[in-house]
Structures are given as C-alpha cells and as structure tokens.
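Colleague: Sequence:
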Amino acid sequence: MENELRQFFKGLKRQLATTQARGEGNVKVGKDPLSFELYEFLCDHLLALPGVDAIFSRTYLILS
Numbered sequence: 723m724e725n726e727l728r729q730f731f732k733g734l735k736r737q738l739a740t741t742q743a744r745g746e747g748n749v750k751v752g753k754d755p756l757s758f759e760l761y762e763f764l765c766d767h768l769l770a771l772p773g774v775d776a777i778f779s780r781t782y783l784i785l786s
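Okay, so the sequence shown: first residue is 723 according to the working numbering, each after it adds one.
Treat each hint with caution, since some may be false.
Taking lysine-lysine pairs in the DSS-like style, the calculated list, with each CA pair at most 27 Å apart, reads [to be verified]:
{"hint": "1", "residue 1": "750", "residue 2": "735"}
{"hint": "2", "residue 1": "735", "residue 2": "753"}
{"hint": "3", "residue 1": "732", "residue 2": "753"}
{"hint": "4", "residue 1": "732", "residue 2": "750"}
Hint data in this document are derived by calculation from the structure and do not stem from the laboratory.
The whole structure should be built from the sequences, with the hints applied where relevant.
Modeller: Here you go:
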C-alpha cells in the first residue's frame, strides 16, 4: 500500500510540474492565511488542553 501511494504521488507531482511548466495549470503555491475566527478557535482549544505539547503549540501559533 505504501509503495502504491508513493508511486501515485510521484506521478501526480510529475503531472503538476509538467502542467505548471507549460503555463496551463492553476496551481497555487504557498499558504493561505488563517482567518481570525479559526485562529481564535485554535487558541481557545489549545489553551484548554492539558500538557506541555498544547502549551508549546499555542505559543508557536501565537508567535508565528
């Protein structure tokens, strides 16, 4: 299964690269910004979680 997925994604990446090189594709590069509502939701839920991982995640989310 893992080899099949690896092969599939290899082919998909190759197709996307070819399409983008020809200028035909509508391939977006980069990240979309978080909406404020999603940011607020993530911060609230990370604050409610116990443990060091949640504290680190929330701090990283705020600083990045």
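Colleague: Next step is simple, just say for each hint if it's right about the structure.
Modeller: Results for each hint:
| no. | hint | in the structure |
| --- | --- | --- |
| 1 | 750 x 735 | 13 Å, holds |
| 2 | 735 x 753 | 18 Å, holds |
| 3 | 732 x 753 | 22 Å, holds |
| 4 | 732 x 750 | 18 Å, holds |
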